[in-house]
Amino acid sequence: MWQSSPPGSIYDYIRVASFSLGPDGRIDRWSERAAEMLGIPAADAVGKDPVAAFVPDELHERAHRTVSKILDGREWTGLVPYRTRETERDGAPDAGGSRLAEIYVMPSETADGERAAVCLVVDVRALRGIETDLAASQAVFGQSPMGFLLFGTDLRIRRVNERFATVFGGPAAKYRGGGPHDFLPRSEAERLQGALRRVLESGEPVAEMQLVGTVPAPAQAPSAAIPAPTAPASSAPSGTAPPSAPSGMPPSGTASPPAPPGDADRRRWSVSLYRLHGASGRPIGVAALAADVTGRRRAEREAASARRNLALLNEAGARIGNSLDLETTARTLLDVAVPQFCDLASVDLYQGLLAGDEAPPGMADGSAELRRVAFSSAVSDAPLATMTCGVPEGENGPVAVGAVHRYPFNSPCAGALRTAQAQIIPGRENEERAELGAVVHSTLAVPMVARDTVVGLVQFSRTKGSEPFGERDTALAVDLAARAAVCIDNARLYRREHERALILQRSLLPPGDPEAAGLDIACRYLPGTTATEVGGDWFDVIELPGHRTALVVGDVMGRGLRAAVAMGELRTAVRTLALLDMEPAEVLSALDEIARGLGATGGGARTTARAPRSRSAAPGAQAGRTAEAPRSGSGTADLSEVYLATCVYAVYDPVTRRCTFANAGHLPPVMVEEGEDALLLDVPPGMPLGVGGEPFEETEVELPDGALLALYTDGLVESRDHPLDEGLRAFQTALSEAGRPLEDVCDHVLNALDTRHGEDDIALLMARVHGLPKDSVGDWNLAPEARSVSRARELARDQLTDWGLEVLVDTTELLVSELVTNALRHGHGEIRLRLLLDRTLVCEVWDADLAQPRRRRARDTDEGGRGLQLVGLLSAGWGSRRTPRGKTVWFELPLPDGDTALPDPADALLSLF
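Residue numbers (this note's numbering): 13 to 925.
Hints in this document: simulated from the structure, not taken from any laboratory. Beta carbons are placed, not taken as given, at the ideal position from N, Cα and C, and that holds for glycine. Do not rely on the hints blindly, as some may be mistaken.
[Stated by the list, open to error] Calculated cross-link-like contacts (lysine to any residue; reagent style SDA-like; alpha-carbon spacing at most 20 Å):
| id | residue 1 | residue 2 |
| --- | --- | --- |
| 1 | Lys-899 | Glu-797 |
| 2 | Lys-899 | Gly-879 |
| 3 | Lys-81 | Gly-34 |
| 4 | Lys-899 | Thr-672 |
| 5 | Lys-786 | Thr-852 |
| 6 | Lys-899 | Arg-846 |
| 7 | Lys-899 | Gly-841 |
| 8 | Lys-81 | Asp-40 |
| 9 | Lys-899 | Arg-844 |
| 10 | Lys-786 | Asp-814 |
| 11 | Lys-60 | Gly-34 |
| 12 | Lys-899 | Gly-889 |
| 13 | Lys-899 | Thr-833 |
[As the list claims (entries may be wrong)] Label pairs and their in silico Cβ distance ranges:
| id | residue 1 | residue 2 | range |
| --- | --- | --- | --- |
| 14 | Arg-507 | Lys-786 | 54 to 64 Å |
| 15 | Arg-188 | Glu-220 | 25 to 35 Å |
| 16 | Asp-464 | Glu-509 | 13 to 23 Å |
| 17 | His-782 | Glu-712 | 15 to 25 Å |
| 18 | Pro-906 | Ser-335 | 50 to 60 Å |
| 19 | Ala-330 | Glu-213 | 52 to 62 Å |
| 20 | Glu-213 | Pro-35 | 54 to 64 Å |
| 21 | Ser-335 | Glu-738 | 21 to 31 Å |
| 22 | Leu-146 | Gly-85 | 31 to 41 Å |
| 23 | Arg-188 | Pro-35 | 48 to 58 Å |
| 24 | Leu-691 | Glu-818 | 39 to 49 Å |
| 25 | Ser-335 | Met-158 | 53 to 63 Å |
| 26 | Glu-712 | Glu-738 | 23 to 33 Å |
| 27 | Leu-592 | Ala-432 | 56 to 66 Å |
Could you build the full structure based on these sequences and the hints that come with them?
This is the structure we're talking about:
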């Protein structure tokens, strides 16, 4: 039956025209296609000599011979150059400014029997284009490393290339007439089918459409793969095998058998679709180019995973370890891991290590007690604190945070603790606790190892729906646990050192509330928080002879255990120097030498560490001192810095009501008189202890009765948020309300100032002055003569009688007689006798001689030398001190309280013989 050709006929691509030659060799017929193709209308061609009209001049002779042969009845085929009006006007791409045509000449006869010819003309350029297209098509279908499919307008496969057939198996012809369902899972095939339909209808191409499927295992060898057909999915239910996890379908209607179970390989392809058109512009099908991107996709996932892991490690490095608190560090680890790395996590630490035991029993086999210090969950309805290691021994349910427990010996968690190796624990559907098997499907038990010691265990768990843990996850978890373990171990060691330093520091501070003659004392000491190391702040109240009192406040520069030790050494040195009854400036000078000696190197050479600049020190002098510091090792430099300290030393005399101050780089004392504002006393600050090279100055201040004196450390008045000047003003304002009891004043000051910053220790020593009343002091001058001894006994007897201390009269008379006699024998100048009554009775004898008395043991045959022995036997204490004009020898007697018997002078005398 006659019918028209479908779109895409060969004649759409090959331009064929016809004309005929009459017996005279001229054109007598000219088809419309010839006019269209050659660009010569019939009126210009009919009746013309084709050689003269179309052939270039240089070919006329040859062309005429060929025409003569044709008219003689011979067929002829060949290439003929020709001219057109366009070539004559514009020039042509072919040589000679003409075009080439392939002509097939067939002899014919007219009705009169004359020779004629029918000519078929084909444009050579069109033939060459078809030849090139055929070569390109052959290359695509036979040589391309990418998969190529050609779908017809019915969306059935017209042709596939060899690469496609090689990957999926079988000859290429096997796939003709098939569809996407023959090589893709159902869900993916339906996606491809819809895309093909949209491209065919709209003409809009689709680029890099992602498809997932499986290929038989033998087809995995080609390095560059294309969509590999798995078994068709015609028998599988719809809606299965999502794009991220496709599954192969059993083959249907194909010659190749299905791949054995476990013998298929999941692949991912990138497919681009575009519509094909014929020469007439009508759609003739859809072409598909496919590339195997499985490796690239895997590499992208691995790179993304590596970036996530690196970001997680960076976050861990930035956040973990910012606190020296164990629980805070453990919680920070879980905040980093949940939910970025896992869904559930917990941290257990050995209880013995937390309690300060360096090697608690059971650490070697993982059976030691653990304490749950942190737990985190991203699963809102599953508070699973036990993970998948089973319920710990002695527990009936989840382990609460803060609870102490043990893991069963054969559990994976105990094994991880024993071996110090991370273990992946799969979830179990038949778990005794049903919610565990229903939620958790993979757990990492990672021991926390710091300095080759297991300090605890961290568990990371993922719930169903998340990927199970792999090797990369294990390495990341070990890294996270190691970082946290070092930080936790540092926090543990810091806590231990902090507690020991705090115990040492508190043991070196005065116990209870100190007492002093003529002073009411109140003190406060606030250590820094656990986030800061223990400082070297200290204070002391030292009783001196003559009912005088030394008040000391100091601050060792540095922190930690060494600062506390240095503080103890300096405090002991201060007490020793104070009991020698040295002047305040002399005490600080000697203390400065001691501090420099404590900071010396092993060879004995003194080091000079850089000290904070005193407010009164000249810049040039300060630079000169620090320039002498040797370049020693870091350990020596640190040690030298520890033994730099500031100190203020004050001696109060309740008889004269005068206080003498000496300052070594410390903050100035504050004095408040009744009804007046608080004042900073103008005490020269001097250089800190340990710097050396500068003398210390003394300042004497008269303190009226009722006045308040405050000594303090910089932690009270200075912090990051409050500069020193602001803190001093606030301190003075708080002290101006000093009319209340002294203990209440201390509490008011601490509440009014910023004392909760915890950046530094705080020491506060306050004293309210009430000097000895005149009737509690007996003071007489005696002539340097023998009868002054009896006069001294008489004066002492009368004074004790007035004070109601008759029980002490005999002892006092005997000891006063001994001291005045020694002053007459061994001294010179006027003698002074003074009796002081406060909490004890003090007797002082003054003379102008500088030689200090020395106690010695008299032999049995000696007539003298027993006076100071007697003083030592009958008194609670005795001693001597230098004065600007000589010396003072004193003794002290306790007041009778009715419970303690006083020593009998007669027995004391007899004990000397």
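Problem set entry | Range agreement (Cβ of Pro-35 with Cβ of Glu-213, hint 54 to 64 Å) | 57 Å, holds
For this session: Check the following: the C-beta atoms of Leu-592 and Ala-432 are separated by a distance inside 56 to 66 Å.
Result: 59 Å, holds
Problem set entry | Outcome of range test on Cβ distance (Arg-507, Lys-786; 54 to 64 Å) | 56 Å, holds
Problem set entry | Cβ separation of Ala-330 and Glu-213, checked against the hinted range 52 to 62 Å | 55 Å, holds
Problem set entry | Satisfaction of the hinted span 31 to 41 Å by the C-beta atoms belonging to Leu-146 and Gly-85 | About 35 Å separates the Cβ atoms of Leu-146 and Gly-85, which means 31 to 41 Å holds.
For this session: Below or equal to 20 Å on CA atoms is what counts here, so check Lys-899 against Arg-846.
Result: Status holds; Cα separation ~13 Å.
Exercise. Taking the CB of Glu-712 and the CB of Glu-738, does the distance hold inside 23 to 33 Å?
Worked result: 30 Å, holds
Exercise. CA of Lys-899 to CA of Gly-889, is that 20 Å or under?
Worked result: 17 Å, holds
Exercise. Is it true that Arg-188 and Glu-220 lie within 25 to 35 Å of each other by Cβ?
Worked result: 26 Å, holds
Exercise. Does Lys-899 pair with Gly-879 here, judged by a C-alpha cut-off of 20 Å?
Worked result: 18 Å, holds
For this session: Confirm or reject the claim that Arg-188 and Pro-35 have a C-beta distance inside 48 to 58 Å.
Result: 53 Å, holds
Exercise. Is the distance from the Cβ of Pro-906 to the Cβ of Ser-335 consistent with 50 to 60 Å?
Worked result: Because 54 Å falls inside the window, the suggested range holds.
In the structure shown, no violation is registered for any of the earlier numbered hints.
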